[in-house]
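Could you put together the complete structure from these sequences and hints?
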Amino acid sequence: MSDFEEHRYDVVIIGAGGAGLRAAIAAREAGLRTAIICKSLFGKAHTVMAEGGIAASMGNANSNDNWQVHYRDTMRGGKFLNNPRMAELHAKEAPDRVWELETYGALFDRTKEGKISQRNFGGHEYPRLAHVGDRTGLELIRTLQQKIVSLQQEDERETGSPDGKLRVFAELTVTELMQDSSGAIAGAFGYWRESGRFVVFRAPAVVLATGGIGKSFKVTSNSWEYTGDGHALALRAGSTLLNMEFVQFHPTGMVWPPSVKGILVTESVRGDGGVLRNSDGKRFMFNYVPDVFRKNYAETEEEADRWYTDPEHNKRPPELLPRDEVARAINSEVKAGRGTPHGGVFLDVSTRLPAEEIIRRLPSMHHQFKELADVDITAEPMEVGPTCHYVMGGVEVDPDSAAAARVPGLFAAGEVAGGMHGSNRLGGNSLSDLLVFGRRAGIGAADYVAGLKGEYPEFSDESLNAASQAALAPFDTENGENPYTLHQELQQTMNDLVGIIRKAEEIAEALNKLQVLKARAKVVSVEGHRQFNPGWHLALDLQNMIAVSECVAKAALIREESRGGHTRDDFPEMSNFWRQRNLICSQVEDEINVVEQPIPEIRDDLKRLFERDELSKYLTEAELPTLADGSAS
Amino acid sequence: MSYQAKFRVWRGDEQSGDLKDFTVEVNEGEVVLDIIHRLQATQASDLAVRWNCKAGKCGSCSAEINGRPRLLCMTRMSTFSEEETITVTPMRAFPVIRDLVTDVSFNYKKAREIPAFAPPKDLAPGEYRMAQVDVERSQEFRKCIECFLCQDTCHVVRDHEENKEAFAGPRFLMRVAELDMHPLDSLDRKNQAQEEFGLGMCNITKCCTEVCPEHIKITDNALIPMKERVVDRKYDPLVWLGSKISRRGQ
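Listed in order, the protein sequences are those of chains A and B. Each residue of the first sequence is one higher than the last, beginning at 1 in the working numbering. Each residue of the second sequence is one higher than the last, beginning at 1001 in the working numbering.
A couple of the hints might just be wrong.
[Stated by the list, open to error] Distance ranges between label pairs, derived from CB positions:
id : chain 1 : residue 1 : chain 2 : residue 2 : range
1  : B       : Thr1079   : A       : Ser460    : 54 to 62 Å
2  : B       : Ala1166   : A       : Val588    : 35 to 43 Å
3  : B       : Pro1183   : A       : Pro258    : 39 to 47 Å
4  : A       : Arg236    : B       : Ala1166   : 46 to 54 Å
5  : B       : Arg1008   : A       : Val523    : 46 to 54 Å
[As the list claims (entries may be wrong)] Residues from chain A that face chain B, not an exhaustive set, calculated with beta carbons under 8 Å:
id : residue
6  : Glu139
7  : Arg142
8  : Val149
9  : Glu225
10 : Pro258
11 : Asp280
12 : Lys370
[Unchecked claim] Capping the alpha-carbon separation at 35 Å, the derived lysine-lysine pairs in DSBU-like fashion look like this:
id : chain 1 : residue 1 : chain 2 : residue 2
13 : B       : Lys1143   : A       : Lys261
14 : A       : Lys370    : A       : Lys218
15 : B       : Lys1006   : A       : Lys370
16 : A       : Lys115    : B       : Lys1109
17 : B       : Lys1143   : A       : Lys112
18 : A       : Lys92     : B       : Lys1143
19 : B       : Lys1121   : A       : Lys112
20 : B       : Lys1190   : A       : Lys115
21 : A       : Lys115    : B       : Lys1143
22 : A       : Lys370    : B       : Lys1217
23 : A       : Lys518    : A       : Lys92
24 : A       : Lys165    : B       : Lys1110
25 : A       : Lys218    : B       : Lys1143
26 : B       : Lys1020   : A       : Lys261
27 : B       : Lys1006   : A       : Lys165
No wet-lab data here; the hints were simulated from the structure. Everything numeric in this text was worked out from a predicted model, so none of it was measured. Glycine is no exception: its CB is placed at the ideal position from the N, C-alpha and C atoms.
Dropping the structure here:
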């Protein structure tokens, strides 16, 4: 019928980071013929950048840890806007997902007893992060990659073909999801980066595992791939995005030199003893402990320092508050004129640990600062500031199966999915999220496909032609604008007007600019031909970035409160009204619509995991669980 | 602080290509990848280059700068003088796709040939116990970001396409060593390294170690120990006798 390269699979997984690869393993083990699509080379996905670790309450470092404690920390971190069922599944299943990695060949750092070592991190009550130095993401991606290879080796032994059941399509970008007339998933359409040629997948299930949206912001820790592809594909297919206003600015990105501004400095630096100081040399975080957390954080430097060796009898240092709190504090210090020469604050581990210990625990950071900034972190402090790191918002999904709202056959897992982290994600909860919900999405897709009993939805030839024309449009425009220029303007707009601190006028201004950019993006032109042409790729990605940015800005304007990764200068407090509402984005034609939707109920047994006092800081009287003795636990 | 630098960048495809001259702005603190991106944004929007993280963690932006295999994102412009012409070419050991992008599928093929980690069958998840000192050797090799610069520089294959069939290259010989040193791997990998992956072709010139951006001591810690063990098994009469006796007993 068409000249396009065509493939048939049971499930197509878009994205080859932690969530995508774990979904692929689950789908393949459930017997599905599985395609994995990576935008870059196999094994290079953004998961590789994760540094600190995987949060899982294995209790190896402190035997008091269990899923209930992890659940509480996660809900607190997200300021109770988390989908409670997702947070529950995540806390319960994370340990099994980590142990499973060892059976695939992962080599985590060890405790003295030979178990998996666990480290402290912001917002986690006990040392909970399984880690490999400060390169845990690399270990995760390589381990999953090698597991995929081992499944292919099994298939080769059994069938003679290594990728008959599980094939990796590297450097392939999906530009459109294909649907039947009822809206059910029927496949996906994309292009090979290498040749620019089109590829059509016929498949009844698609798992989105495309990660985040950071490339819409100027200062970001995210790589070029993070252009919100999955978010935008879901929108265009008729699914919905949840709470897109919540964007995490990691408190510690590099601020100098300019070319590396935004690159991540792992939270482990603080977990392992590093402290934040302003230009007066003061440990300023003590001034920024919010009331809801006051009970758990030290009030003096002496107590904070004792905590590292005696956590039972001392409260934790305020440098280990959740990321949103630390990022806002750094922002305030710099604004008040107490910043460093390059507009950050000092993060110092050099006076806290011996040099050899720093190099052993934080090898990548040592290497990164030495090579990129000429700074020896064993001898001098680092300069750091907030950087756009993660989007808590994402595709609205069913917690148990990862099925996306409103589109049969569509699933989403990892950063592209919303709900799990509420208004703010704790460090370490991302890698565990990828594994827990990646696996669930693979199983969810397998169950869905089994239910079809071989009757797979089909898309029309017209929709295929439309997808091909849309992808080629930038070549047809003559004398249009340069996509790189538009991208820079978009990044500047989002950074300046919908960044870490927001106010109504600025968001409204951003929305105006986005409307203009949206029109201009339709008439960009690209030079050259289709073979490995980055200008063309950017022109296509740009549409996704603009759609997602519009969701972020529109939702940010509507939510008139400050919570987690959404701070409104004009509404500085958390509001009970808004805690009871999710914001749902959908797209019709070119328009983004945002509506309010009540949050899912938290089950009483989950509420009772908290003290009543603490619950009452977040929930209304009517929502508190009723108990005769008046205590919640 | 900024200046105009002279760049020569290889442009072309599998059929033909040559070095193109550019004059381009350079600012303080920049790396070579920044300059390549500036060329894309201002002078050559279709200039093909692979990159992802721009922080030395993903190993995508491998190329050759003034003939030396390097990561574009970890090569600072301050290591060159302002007068120097900087030449950027694709990795030589792999076929060119376009401009600075090469076909590295050789590496993925080799990765698939190495038998996977094989844990003891009776060990349940969560029961794995290993000492830190025992995992550290393999952990060093797992720092590898698969930039394939070691594969590019290794003279066994750099100008000898014909050796690629029999030789897995330093990255994958190191992978065999990593599995061999894994405290819980149950396969015997010594002969594999020698007989199937071409360990014998390596004559320990350490070129791979020199270009490794992760500073992994590939030759000293992975390849030489593997060679020593292979030698022990092959020529040590006691080991030879022992292996004969135990085989007979099976």
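* Earlier hints that do not hold, by number -> Numbers 2, 5, 11, 12, 23, 27, in rising order.
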